[in-house]
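2 protein chains.
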Amino acid sequence: MNRFYEYIRHYTAHPVTSQEQDVLQHAFRPKKLRKRQYLLQEGDICRHLSLITKGAMRQYSVDEKGGEHTVQFGIENWWMSDRESFELGSPSKYNIDAWEDTELLQIGYDDWWRLRSEIPAMRILTAEMDKRHAVASQKRIHAAITLTAEERYLEMMKSQPAFIQRFPQNMIASYLGISPETLSRIRKQAFLRGD
Amino acid sequence: MNRFYEYIRHYTAHPVTSQEQDVLQHAFRPKKLRKRQYLLQEGDICRHLSLITKGAMRQYSVDEKGGEHTVQFGIENWWMSDRESFELGSPSKYNIDAWEDTELLQIGYDDWWRLRSEIPAMRILTAEMDKRHAVASQKRIHAAITLTAEERYLEMMKSQPAFIQRFPQNMIASYLGISPETLSRIRKQAFLRGD
DNA sequence: TGCCCGGCTTGATAAATGTCAAGCTGCTTT
DNA sequence: AAAGCAGCTTGACATTTATCAAGCCGGGCA
Numbered sequence: 001m002n003r004f005y006e007y008i009r010h011y012t013a014h015p016v017t018s019q020e021q022d023v024l025q026h027a028f029r030p031k032k033l034r035k036r037q038y039l040l041q042e043g044d045i046c047r048h049l050s051l052i053t054k055g056a057m058r059q060y061s062v063d064e065k066g067g068e069h070t071v072q073f074g075i076e077n078w079w080m081s082d083r084e085s086f087e088l089g090s091p092s093k094y095n096i097d098a099w100e101d102t103e104l105l106q107i108g109y110d111d112w113w114r115l116r117s118e119i120p121a122m123r124i125l126t127a128e129m130d131k132r133h134a135v136a137s138q139k140r141i142h143a144a145i146t147l148t149a150e151e152r153y154l155e156m157m158k159s160q161p162a163f164i165q166r167f168p169q170n171m172i173a174s175y176l177g178i179s180p181e182t183l184s185r186i187r188k189q190a191f192l193r194g195d
Numbered sequence: 001m002n003r004f005y006e007y008i009r010h011y012t013a014h015p016v017t018s019q020e021q022d023v024l025q026h027a028f029r030p031k032k033l034r035k036r037q038y039l040l041q042e043g044d045i046c047r048h049l050s051l052i053t054k055g056a057m058r059q060y061s062v063d064e065k066g067g068e069h070t071v072q073f074g075i076e077n078w079w080m081s082d083r084e085s086f087e088l089g090s091p092s093k094y095n096i097d098a099w100e101d102t103e104l105l106q107i108g109y110d111d112w113w114r115l116r117s118e119i120p121a122m123r124i125l126t127a128e129m130d131k132r133h134a135v136a137s138q139k140r141i142h143a144a145i146t147l148t149a150e151e152r153y154l155e156m157m158k159s160q161p162a163f164i165q166r167f168p169q170n171m172i173a174s175y176l177g178i179s180p181e182t183l184s185r186i187r188k189q190a191f192l193r194g195d
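In order, the protein sequence lines correspond to chains A and B. Take the first sequence: its letters are residues 1 to 195, numbered as in this note's numbering. Take the second sequence: its letters are residues 1 to 195, numbered as in this note's numbering.
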């Protein structure tokens, strides 16, 4: 938990009082997942926000032909959830599972909203998260409608090298919206040109 | 402004006191734009959030070849801004202009943050906006990486028919990430099959 | 009125990307 | 050690989508 208080202070510039630590400790629960274990399955309702403290996960959908489409990757200090299901209480269309052995801090919907009014730092943290999320979403949407497959990959190498290192190529491809074969060829081209 | 208080009450279930109306009235400024007039140009810093009270606008980038790529449409009751430029104070990569004659209510960065702490309804409104934005972004990203051009268009017809009615096809195409010709052919196909 | 221009369609062709099938490699499991 | 499997690559081919060029149509404007 101490790393979590540090995390909050880092993003909000608000130190967490020991009184607040008490409240936080009761609201957040640690959880461990083994590689390939589900955090959420299609049809479930997403009841928690989960902060990754260690490991790597992904959120993805599965189409009729069994193809997987990665909506989001997460590693240390990223929050995972199906935002739609969590906020609306609707059954999720996505799976979230662990690609590496993973450790999380989880908080439920009611606690999350309660803490936002009780602890100023949590209010700031939420605003900061939403802000970053909005900026990142706009970028990804713009990339999707504007760039070619190759440009999207090179852009991802620049902005998210950690994901490319920690997840296999077929998952990267499904994140970029292309087939694994196409990604393999794009990488070859880029390599032959000298990265 | 009265419609604005009504708007707030609708989304927050908090009536706006006359004291608060006073504060809001000083923070928000009305603005009118003629068709084709810019609200924001590439290179500008986006200093305001703008609520559309009447009209239709779009946010788009222009590539090296002069091609336009629509990131967002907005009509009545939609907020327009380049979120990245607004939050980070960086020069925008986008243009925002009016497609129809448009009326706005604008608020600056500092006022926006101040009102969030002063007026509870604004805090709720912000949270609600961020929530909806997050859900919509996730959907659009999922559509972009999962669906074919035709499926994306049909999906848009279902979820955003107002946009399709009020913006010309070449802009719809640039929103879907396809060429105007492809959209024209897709529509013909769909029509021949009976919608 | 008549012209011009923006928006839309259509056809021919090119480029990008997907699909299917095969084979390679390194790791895990037995 | 052998078998099996997941991830990656490659080739041949199919499909989707973009590009370029031409023409149509209707509304605003001289």
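For the record, the hints were derived by calculation from the structure and aren't laboratory data. Keep in mind the model is a prediction, meaning the values are calculated, not measured. Just so you know, even glycine gets a beta-carbon here, dropped at the ideal spot from N, CA and C. It cannot be assumed that every hint is accurate.
Unchecked claim - A few chain A residues that face chain B, going by a derived Cβ cut-off under 10 Å, partial list only:
1) LYS31
2) HIS69
3) VAL71
4) GLU84
5) TRP113
6) ARG114
7) VAL135
8) ILE141
9) ALA144
Consistency of the hints with the structure:
no., hint, in the structure
1, LYS31, "violated, 23 Å"
2, HIS69, "holds, 5 Å"
3, VAL71, "holds, 6 Å"
4, GLU84, "holds, 5 Å"
5, TRP113, "holds, 9 Å"
6, ARG114, "violated, 13 Å"
7, VAL135, "holds, 5 Å"
8, ILE141, "holds, 6 Å"
9, ALA144, "holds, 4 Å"
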